[in-house]
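Undergrad: Here the protein sequences line up with chains A and B, keeping their order. If you use the numbering used here, the first sequence corresponds to residues 10 to 359, in order. If you use the numbering used here, the second sequence corresponds to residues 2 to 252, in order.
Keep in mind that the hints were calculated from the coordinates and are not lab data. For glycine and all other residues, C-beta sits at the position ideal for the given N, C-alpha and C. Any given hint could turn out to be false.
Think about it this way: if two alpha-carbon atoms lie no more than 30 angstroms apart in a straight line, the pair counts; the simulated DSSO-like pairs of lysine-lysine are [said to hold, decoys possible]:
no., chain 1, residue 1, chain 2, residue 2
1, A, K261, A, K251
2, A, K319, B, K246
3, B, K17, A, K257
4, B, K215, B, K21
5, B, K3, A, K223
In silico negatives: residues of chain A with every beta carbon more than 10 angstroms from chain B [stated by the list, open to error]:
no., residue
6, S54
7, E106
8, L136
9, P147
10, P193
11, I206
12, Y224
13, R248
14, S252
15, D329
16, A336
17, V347
What follows is a list of derived Cβ distance ranges for each label pair [said to hold, decoys possible]:
no., chain 1, residue 1, chain 2, residue 2, range
18, A, L159, B, K21, 17 to 27 angstroms
19, A, G52, B, P66, 20 to 30 angstroms
20, A, D278, B, D213, 33 to 43 angstroms
21, B, V220, A, D278, 46 to 56 angstroms
22, B, R83, A, E71, 29 to 39 angstroms
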Amino acid sequence: MAAQVLRRKTLANLSAHSSSLFSKSSFSLQRFISTLVLGEHEGGSIKAQSLSAVVAAKSLGEDNSISMLLAGSGPSVHEAASVIVADSDTFMYPLAEPCAKLVHLIQQKGGYSHIMATSSSFGKNILPRAAALLDVSPITDVIEISGPQLFVRPIYAGNAFCTVRYTGAGPCMLTIRSTSFPVPLTSANSKSDVAPISQVDLSTFGEDKVCKSKYVNHTSQDSERPDLSNARIVVTGGRALKSAENFKMIEKLAEKLGAAVGATRAAVDAGFVPNELQVGQTGKIVAPELYMAFGVSGAIQHLAGMRDSKVIVAVNKDADAPIFQVADYGLVGDLFEVIPQLLEKLPEKK
Amino acid sequence: MKIMVAIKRVVDYAVKIRVKPDKSGVETSNVKMSMNPFCEIGLEEALRIKESGLASEVIAVSMGPSQCVDTLRTGLAMGADRAIHVESSAILYPLSVAKLLKALVDVEKPGLLILGKQAIDDDCNQTGQMVAGLLNWPQGTFASKVVLDKQRDVATVEREVDGGLETLCLDLPAVITTDLRLNQPRYATLPNIMKAKSKVIKKFTPQELNVDIKSDLEVVQVTEPPKRKAGVIVSSVDDLIDKLKNEAHVI
Numbered sequence: 010m011a012a013q014v015l016r017r018k019t020l021a022n023l024s025a026h027s028s029s030l031f032s033k034s035s036f037s038l039q040r041f042i043s044t045l046v047l048g049e050h051e052g053g054s055i056k057a058q059s060l061s062a063v064v065a066a067k068s069l070g071e072d073n074s075i076s077m078l079l080a081g082s083g084p085s086v087h088e089a090a091s092v093i094v095a096d097s098d099t100f101m102y103p104l105a106e107p108c109a110k111l112v113h114l115i116q117q118k119g120g121y122s123h124i125m126a127t128s129s130s131f132g133k134n135i136l137p138r139a140a141a142l143l144d145v146s147p148i149t150d151v152i153e154i155s156g157p158q159l160f161v162r163p164i165y166a167g168n169a170f171c172t173v174r175y176t177g178a179g180p181c182m183l184t185i186r187s188t189s190f191p192v193p194l195t196s197a198n199s200k201s202d203v204a205p206i207s208q209v210d211l212s213t214f215g216e217d218k219v220c221k222s223k224y225v226n227h228t229s230q231d232s233e234r235p236d237l238s239n240a241r242i243v244v245t246g247g248r249a250l251k252s253a254e255n256f257k258m259i260e261k262l263a264e265k266l267g268a269a270v271g272a273t274r275a276a277v278d279a280g281f282v283p284n285e286l287q288v289g290q291t292g293k294i295v296a297p298e299l300y301m302a303f304g305v306s307g308a309i310q311h312l313a314g315m316r317d318s319k320v321i322v323a324v325n326k327d328a329d330a331p332i333f334q335v336a337d338y339g340l341v342g343d344l345f346e347v348i349p350q351l352l353e354k355l356p357e358k359k
Numbered sequence: 002m003k004i005m006v007a008i009k010r011v012v013d014y015a016v017k018i019r020v021k022p023d024k025s026g027v028e029t030s031n032v033k034m035s036m037n038p039f040c041e042i043g044l045e046e047a048l049r050i051k052e053s054g055l056a057s058e059v060i061a062v063s064m065g066p067s068q069c070v071d072t073l074r075t076g077l078a079m080g081a082d083r084a085i086h087v088e089s090s091a092i093l094y095p096l097s098v099a100k101l102l103k104a105l106v107d108v109e110k111p112g113l114l115i116l117g118k119q120a121i122d123d124d125c126n127q128t129g130q131m132v133a134g135l136l137n138w139p140q141g142t143f144a145s146k147v148v149l150d151k152q153r154d155v156a157t158v159e160r161e162v163d164g165g166l167e168t169l170c171l172d173l174p175a176v177i178t179t180d181l182r183l184n185q186p187r188y189a190t191l192p193n194i195m196k197a198k199s200k201v202i203k204k205f206t207p208q209e210l211n212v213d214i215k216s217d218l219e220v221v222q223v224t225e226p227p228k229r230k231a232g233v234i235v236s237s238v239d240d241l242i243d244k245l246k247n248e249a250h251v252i
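Isolated chain A, as found in the complex (with noise of 0.2 angstroms):
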């Protein structure tokens, strides 16, 4: 059900704008702006991050006709499938090899403007990749579009942002960071038109030409909590947590208000947590309405990951710690007495 629902807004995000993979470019006098943006996809729905690339791709010019590329295995991305697929075992999982082989076909025929990703592992794996392929300086980690070839990226752990025009001749090849550009909420009985469907002709890809790199396992962690990514409330915890059996305190806080866990990189060296839970500048960038940061000292590179949060707690037993100088709301206490108080108090989340 989940699923048709994100079908069904995928599709409409894209209507106005889509068009199928062969469709003729048309010169006008005004600059023609065409996208192909990589969408990431499982178990027969669209990532929702890739919706952000959608998201930033119209915010490119208002004439712009952009298409999705799915490469995938099967059944599952033809469900998904709203408008370029690329079916083939060769795809059955997304390597990097075949995909940036894939996406350099596509261009040569397509000769699209502008080429994007959203700033996911999927797409930081693929798009620079692709981007050589096509000889062309990819630009990673944007945060705004300024212009169709001017772009915001933030540098140095997010202390300066740069302004980069790309001026080369090739496709524009870009990254975006799904927490600035967030996807509108569109009503699930919203009318769109279906935007048409083409697969891509693979006779010429050459398996033997693509190197060779097997897909051998991968763990993940089942969670009924929100993703990390876009949840509307984080709870993280530091390596002053100090073991994974007090981590769990984190974990219950987290359940009482519908949050996502995060944690610090100390914390999931110390083996509190698994990777994927870190947010910082290496790891997730996270942006919820409210970051509540418990044990936290607030080292640049995990300010990196969360100072675009719109609220920010801190709980912290040294009042000298960074954390506060970007905290809303602080509190210098220690977090073994503030957590069980906070449990106790707080409302039940609606």
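Place chain B on chain A using the hints.
TA: Below, chain B alone, put in the same frame as chain A:
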């Protein structure tokens, strides 16, 4: 098998950077510079592979102005056998670095090319992926574990991805980019620092490598991020809950 490791000289991770008033960039003069932490991890991994008998030589490579030599000497002191400096005073964007690395790979023919996943100055996270594309080599990015199998000529790489950990098996030669938890880099000991002075650093220019470093990117300006409004210290849990509910309206 040779291993080539790319290392970058960056502003030290602990430095609080300042944006220049003319918005042309970040202040880097008179600021502590260090080897990029991810590059240190890459070099450490190469050294461990060599120490386990699976590689014969570790070559450290860096591109940029003459000060790169300092970073290369640190790499040699950690244990790299020799180093290569591609000297250029021009700004080298990741695509140019990738092209230069490809040219060096064509010269040295290593079985493994290791880079840090990102540099902590530009935070690009592009170079490893791009050089892998140019070489048509498989890539194992954001690696948290690397196991080489010489017999089967493959590298099994565990990667940190959004959903957790993913394991790939790559045919060699391959490109690997390192993530934080791959290893803990060693410190260069004083005897090794002394020994490093006599190790060879070979110099190239981009022209000698036939690489055009003209860029298709232009930095227009560098600015400070918007400052957050100052916050308040609350006195109790009750006070906190009250503010979150009635002032911030987030719960």
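Undergrad: Go through the numbered hints given earlier and state which of them the structure violates, listing their numbers in rising order.
TA: 3, 7, 8, 9, 12, 16, 17, 19, 21, 22
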